[in-house]
Amino acid sequence: MSFTWRIQKNQRRHEESPSEDRPRPARRGRKNKSCFQCQVRKQKCNYEVPCERCIERGLPHLCRVFGNDVESQTTAQEGGSSQPGAGSAGNNQRTSELGQLYIARGAPSFFGNSYFGHQVAARMIEESAPDLPPMSLLSTNNSLQSFKADSGPFSQVWDLLGLLPRNKATVDRLIERFLVEINWAIDTVHPTTFKSQFAEFWGKKFGFDEMAGVDLRWLALLFIILAFSVLLDGPDITPEKRKENEEASLRFYWAARRAIVISPSFHGESLDLVRAGLMVTRYLLYTRQIAESWLTISFAMRMAQAQGMHIDGSKWNLPRKATEARRRLWGNLYMLDKTIALALGRPYAISDHMCLINAPENVWLEPLTDAQAANTPSNPLNCPTPSTVIILGNGLAKIAGEIQDHCFGLYPASYHLVLEMDDKLVEWKNHLPCYFRLENLDFSYDDPHAYLPWHRLYLHSAFHFARITLHRPYLLRESITNRFHRSHEACISSASSDLKIRLHSLNFGMVENMRWTLGTHNMFNSALILGIIAVRRPSAPQTTGILDDLEEYCKRLREDASLNLSFNEFGLAEVKVVELCISRARELARVTTDSMSAMMPHDVRSCDERNPMTETPELSSLDPTGPETSSGQPAGYSADMTWPAIWEDQNFVFPQAADLVTWEQMISEIPYHD
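For what it's worth, the UniProt record's numbering labels the leading residue of the sequence shown as 1, then goes sequentially.
Hints in this document: simulated from the structure, not taken from any laboratory. Heads up, a few of these hints could be off.
[Unchecked claim] Below, in silico cross-link-like pairs of lysine-lysine (DSSO-like), each with a Cα-Cα straight-line distance of 30 Å or less:
#1 168 with 204
#2 321 with 398
#3 321 with 243
#4 241 with 195
#5 576 with 241
#6 195 with 321
The structure presented is a predicted model; accordingly, all values stated were derived computationally and were not measured.
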């Protein structure tokens, strides 16, 4: 006879009773003294509260006598008790159990014992916690038995545990490698806390009936950390070993994604789940799978909102240390969300007007206790901390979101609005502290703060990416008044600076390269912009230098170990697109040179007069709507004035790099001016 059926039977018996004072019949048989948790697991109980078994499971707060649970469930379903005064006692019991379901599932709640969604969090700041059904109504025998079904959640957890290395020393080594080489640069986990969590996890003995105790949220974070660290072996390893590492990395990566997807079926949300989603997004950026990273960062953001992270921790009266950790985590989500959305031309997930969160303070509280953190003053921006990059990055991400709203929305934006957004970018750049400046850098801070060079690279590349994206629709536009000159200059300036950074980064080893590519900047932009400029003006004086730099960039990328991972096909596709631009620009330059050479013997003087590099004005000064010549064409007209309108479309987004056929067609149709 099932547990639920007994409750329903008692309920019908109560409803059919002619008198509310009718006494309940005595139970037949032996009285059960086991606790509810041991009863449903068919395990021996020592009859204490809490019992030894519940203490071992880490669930002492759920230990209660089995019979008491049945009575409390029957009373709650029947809506009251026949005894005088029992109604108030039932209300007290219900109040004491508010939120116990979500506490039991391991979801920290930040407003009393309540659980809330992001849509009502702001209202709950000034209201009382909502009512929830008691824990006893929701913990049934059937829900726990589902762990034992071969097709149920149990098999999913068992499969995931089977993907971990059997040797603890191997996992310890991989975790330590990640913490030492990567973690401090991108603020992923607190090392001491994570190590203690791993020791506790490994020390558990998960039997057939203990699968509910596996925290898949933390396990997802462990898997994605292993996916990164297994790739950190140096370039001297054999090809066979590198292939083995790549396969292991992919297994850990997919295990992390699988754990993230199924963990809400077992648990509530947690910071570990958000961190896991964030690191999965960084993994996709590392392998240049930008389109897929848009999905994973949105999921991570939803998990954060479900915990109320879009509401500042100070509103929930959290300790200062916890508040700062949430602010930094939200700041990383915010910057990735805005930047990836701008890169793909897709909507971002975080709406500023639906959030009530402050920027992180310029202080680092991780090594401190809560009491010490509460009294630690914030630093001015001229004193760097690991939080400084998030403070400044959030300011840049906010501008990126405004660029998306105002310049790449459903309706075309005026060029005046584009210049306003550019002014905001320039203002942000001019207010950077001396150790983060784009010009006249102060490197004296780097020695005591090892993270600064990497954070500087993240900010600089993110700035160049945003500015190139803003001005890209005007790269090929021309005007008789030269009104688009600022866009032309911004594109070539930022693209050249960004390419210089990337050429320098190719001198890094495997570890340094991973630190570098985990930022928000690892986008397909600057090299392609320079390639388009070269195709547009193949005979311009600066084009030869641009092509030489692009050829060196492509050559070194092909030799780079991180790009030649077997699963990093997107990175190699980007190289091929840039090589298409180089080939097209070289071909156009050769055709122009050959045609000029053919003209020289006939009339050197007339050729010099027609040479666009010596006498012809810049194309931006030619107006296709100007007065017509005797041939019926506008003055200064040439065939290249009829370029496809797609390059001028503000909503036009570059196709995926792997679509080489489309890229070849687009590059071949770029109008050129010799």
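Status of the hints after comparison with the structure:
1. 168 with 204: holds (13 Å)
2. 321 with 398: With a Cα-Cα distance of about 25 Å, the restraint between residue 321 and residue 398 holds, given a limit of 30 Å.
3. 321 with 243: violated (42 Å)
4. 241 with 195: holds (27 Å)
5. 576 with 241: Between residue 576 and residue 241 the Cα gap is close to 27 Å, so the pair holds against 30 Å.
6. 195 with 321: The given pair, whose Cα atoms are some 19 Å apart, holds under the 30 Å limit.
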